[in-house]
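From the two separate chains plus the hints, produce the assembled complex.
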Amino acid sequence: MKQWWSVAGSCCVFAIAMGLWAGILALAQTTSSRKRNEQLTFNRDIAPIIFQSCARCHRPGESGPFPLLTYEDVKKHARQIEIVTHTHFMPPWLPESQPLEFADESRLSEKQITAIKKWVEEGSPEGNPADLPPQPKFVEGWQLGQPDLVLSASKPFQLPASGSDMYWNFIFPLPIDRTRWVKAVEIRPGDKRFVHHANILVDRMQNSRQREKEPGSGFEGMEIKIESETFDPDSHFLFWKPGTTPYVEPAGMALRLDKGTDLVLNVHLQPSGKPETIQPTIGIYFTDQPATKFPMLLQLQNDAKLDIPAGDRNFIVSDELILPIDVDLLAIYPHAHYLGKDLSAMATLPDGTTKTLIHIPHWNLNWQAVFRYAEPVFLPKGTTVSMRYVYDNSEYNPVNPNDPPQRVRGGNRAKDEMAHLWLQVLPRNFDPKAGDPRMALQETLARHNLQNNPADFEAHYNLGAMLLRQGKAAEAIPEYEAALRVRPQDTTANNALGAALIASGQPDRATAYLRTAAQRAPEYFDAHYNLGNALASAGDFPGAAEQFAAAVRIRPDDADAHANLGSALAELGQFAEAKAQLERALEINPSHALARENLQEMQGAASHP
Amino acid sequence: MLSHLAKFVLTRDAPERSATQQRISSLSLLLLLFPLLLSLAPAFCATQQTPLDLDGNVVNPLTKAGQSVVLVFLGGDCPISGRYAPTIQRISREHEKDVRFYLVFPDRSETAQDIRKYLHDYGYSIAALRDPDHVLVKQAHAQFTPEAAVFDAKGALVYHGRIDNLYASFGHARSAPTTHELEDAIQAALAGRPPSNREVAGVGCYISDLQ
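Heads up: the protein sequence lines correspond to chains A and B, in order. So the first sequence is numbered by this note's numbering: it starts at 1 and just counts up by one. So the second sequence is numbered by this note's numbering: it starts at 1 and just counts up by one.
There could be a bad hint or two in this list.
[To be verified] Restraint ranges, calculated between C-beta atoms of paired labels, are given here:
1) A:Leu349 - B:His141: 55 to 65 Å
2) A:Thr114 - B:Thr111: 20 to 30 Å
3) B:Val58 - A:Pro215: 55 to 65 Å
4) B:Arg108 - A:Pro361: 31 to 41 Å
Keep in mind that the hints were calculated from the coordinates and are not lab data. Treat the numbers as computed from the prediction; the structure is a model and nothing was measured. The C-beta atom is built at its ideal place from N, Cα and C for all residues, glycine as well.
Next up, chain B with everything else stripped away, as it sits in the complex (with noise of 0.2 Å):
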């Protein structure tokens, strides 16, 4: 937060004199909202706690211990996202007695009804997940839709990145993917061993408002 406020003043192109009383007269508006946010804070909590299935409750797939967990970040309006899907559902079938898959949807515009027509409209039956504050986003280090992580029955996070290499770049998609890092990932966790790769960045969309 600090480096925020040092790189604010030392990028402002004003006399150092108005930079100073710039300076003062905002530190002095954040003295005064500290108190205010924290005397907040406990009605933040109530609705801040995510991530979330649609019904609204809140879910950590990653808590319970003891099963291999496939989080896959999807966006609505992505099409790579939504081209997907008989892949990802492919790929939970297979392995639906061993590893549990959600869906999850880290856009915050996306409503849990839009979430229900998409998962209507591409035949899914996984679970789906909304995080809006991006918690899972940041435990599987997710930076585009799709994009998948798999974590161990411990809780560690063993993959993340790219389903496969259908795609190449933006625009350029392979008749078939000839790599499948998620189903190697998936293989290995269930194995107990390290996957070939820990991480293969994919191509997709980016995921909106991502600190």
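Isolated chain A (complex conformation) (with noise of 0.2 Å):
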């Protein structure tokens, strides 16, 4: 053939040509009607693959780069699908087949493939119109219909025309005057053709907004890390990537959001060649129904290992962690950068049995995703889960960032490397009265950390949390200090180490770690407000109420904080500032017993002088 077209430059020899061509499409056609038991066509037999396991992307507004819709979008690009299917680059699953199987698990079996690929060979024929199934339908616009609340992004972001992958994130204030719960959130990230993935962390604390250059203005990295000073852990994965439909939470576990709490989504693109404008939405759904599970999102780590000299093909890290109580396994996040190979996780049961939790053979970044399991996974206490993961580092490796290959150390950037393994568990056998069972995990989970790694700031913090919450301050004391041996100026761990100071009755020790939060975080209301009562009990009354209005300015609307300060100013015998301020806290909250008791008092006081 290519020798014939070489010379077809007379275009009567190119008419004939096609003369020829029309002859043995003609014959062809004779033959694929003999033929048709055994010959693959579109209408019968792939385009129910096309439908089900590419159309979902594979559409107008959707991530796929082109639709596959129709036989004619199909055969256009009929080879590149025998070889994307072939290699399993598409559609896009990582996690190997396993005995727990995943919720939506988008692969194709072998039998497909090998039916795309003789059908390919063939020359792609369309075949019989009737066999063709009716064109899949899908929801337009929001999946689950009108949200309750949408959120835009305030400014969007203007991906650069070329470059490497970039990490933006953006921060969404929550517009809500009360807790609300939620049952679903989607994410629609912008333009889907260049968005990876993208994930919503809850940031209870406003913290984010710190690495804003100017308010709404957002801000890069790969990593990000929020920090809680109560215990409220992570519970939930809001997740985004090519093809998701919004995951509907299951009846009892809706994710609890405040007034004042802040959404950021994290945001992987990838430049497309012409600059792009990136402005994500966020669509949420109430309930009327408050939480009655209580998950936790448990985070296998093991980035003090992570130190892979240049040229290591098969760097390995692991880490495990014995369970202290039953748990169900509802979802699975593996984590690693650019040098990840293989990565995998099991679970090893007190009885010996094992499970595979997930192994990704050939880890690919772009395609990280949250995998949610068809039932949940029941591991009881004792049980040892591990996650063993392989980098390498070489030059093999071709998205290495690094060329020639470098020493590469854990760290949050993207060229820096990660071990991550996040798993969704609920805690069985809830029950309230016996405390939040997560507060196990979570003290056992630092306590690992610690191990691990001695000098682990968060792993400390969160310990000294748990043992304080326990009411076991003398214990929590040393480490908050540990803590702030790593990280002196920090300002929870400041002011947490202050009121674990407070409640093993030392005020005197506890106002120096407060101070420095106070003055190192002048907006930090538990700063001036744990000061103010260390101020208070150390009979500094001229200071704890400087400390109390401090606070009532951060939030007007705190009834302690106003009790606190008309206590203080009552104290001082400024007794009609006092007398406002108690009855503000009782504005707020009628059932104040603290503040409607020294208001009695202080009126008392007033007419029996």
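Dropping the structure here:
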């Protein structure tokens, strides 16, 4: 054929060629009717595969670069489809097949892949129109109907035309005036062709705003860590990848969002060759049913062991954790960066049986995802959950960010590495009277992380928090002190140590730490409030009143702050002002016992001087 | 052509007798078609001279001797083609004095209007051609988009294949390319020496309906 075409300069020769083709096509069509029984056709054999496994993304407005909805669409890309299905690049699905099945597995069977190959080799015939199944129906617009709340990024991100992958974070302040329960979130990440994945983090402390150059500007960064100083562990995966349909939480597992909470959307983008404007939108669906089940995101990690020599093709990092309580495993999210090669996680039950939780033999950061199990996986107390990640830091890893390869350590940047495994677990036999079972998980996790890395700030802090919550202030203090040795200026740790010292009856020692926290973060309510309490305990009422006044300025609707400010002012003999503050506390919370008591006492004192 | 016919008969599963009948009737069909199509041939000629510029004029970028020519094959719906726009524009800008650049769109279903929009979206000011009959595709031995071909001043193909190694495979893009085959080939062509590679397969989208 090649030779024939290369001399096809004359139009008449060309016309003959066309004529011969027409003849051949006529012949081929006669044959196909004879061979109908074994020849694969688009309408009968291929369309069902494409419609089921490809069309969700390959349609206008979705992630796929071209539609695959008609015979013409598919025929045009037939050879491409043959190759990418054969290499398992499409549909994108990283985990190997395993007994513990995932929901929405989008893997093609070997039979389907072979069928596509055979069909392409046979010339991609269309077949009998009567065999064609109806085109799949997709919901247009919001997948679960109009959301109760739609938030749009206040400022779009301009994705440059060229360069490597970008990671951008958008902050969505929540315009809610009370605690709401969320059953589903739909992430619309912007033009889906340029977004690889997107992930929402719940920022209950508005911590991330500090990273914006100006309010609403967003900020760059691949990994963001959001600190919360109260025990309020992350509980839900809010994840988008191409082809995702929004996940509706099961009954009783709604996500709590409070007034003042921010949602932070982390988006992984890839330049397209032209400048693109990315402006994501989030749709939130509320429910009236508060949560009765409280899952927790459990993280195994061993970043401290990530110190990968240049050229190492097989660097292994592992970690394991023994579960302190019975849990159901609902979903799993393995995470590494560009050097990750083979990622796996196992569960070894107390009776010795092992279960593969996930195995990704060819890690590809571009297709990272949260994988939900088709059925919850019961993991009894005493189960060892283990992860084993293999890294390739050689020149043979084509996506190695360094050329030539360089020593790589754990870190948050794209050219650093990570060894993280997130598990969404739901503690079994939840008895609210027996305390939050997630605290046992958190404590186990913190102790475990300290074994891996004795200088783990977060682990010391979390362990301190768990101990303080159990009323073990004396045990919590050394943990907070250890955390402060790692990060002496950390405001939350200074505040927490101050709070622990107050709780253990040492307000004098507490003031220095609380003052550090309040000075470093003038808008930090808790530091001012706690410092006010410490000063009041030590009899310094002018100092206390000053701190409570700062607390009231930061949170004008906090009844406790008003009540304490009123009490401190009363101690200073400023009764009129004290009365106003105590009355304000009662206005906010009519059942505020302390405010009522102090008000009555003060009025009694005033009427009987 | 005959090999197709032979293959057709051999792969049939029908009984021998009907195969023979089939063959005879098909041959007679071919004989009928021949004179018909020959008589139609002049009508074909007017519309089948490719490649074409976006106004529908016949252009053959390789017939003008005296200057090196680079063809870059692109597919409007191929994301890897799109991602190369800044690189292609940079390379063409850096060599515009010495080399004539053409963007070639081989997909038969892409109209001049589609291509104009594409050029506008990506900010191209490089001449674009449609090659629906794959005349240039064949001369450049192109298989994928994006793919480049470098012809020297005498019109000889000195390099064809990937622009650089940004993509190691589907879905595996490096943070930046580490080899630059197209630029190397242009420099070699301008220096009158053979490039270090004559051909390096690319990663991209198969050109549809490739014969």
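Structure-based check of each hint:
1. At roughly 58 Å, the beta-carbon separation of leucine 349 of chain A and histidine 141 of chain B lies within the given 55 to 65 Å, and the hint holds.
2. For threonine 114 of chain A and threonine 111 of chain B, the Cβ-Cβ distance of about 36 Å falls outside the hinted range of 20 to 30 Å, so the restraint is violated.
3. The supplied range of 55 to 65 Å is met by valine 58 of chain B and proline 215 of chain A, whose beta-carbon atoms lie about 58 Å from each other.
4. A beta carbon spacing of about 39 Å between arginine 108 of chain B and proline 361 of chain A agrees with the range 31 to 41 Å that was offered as a hint.
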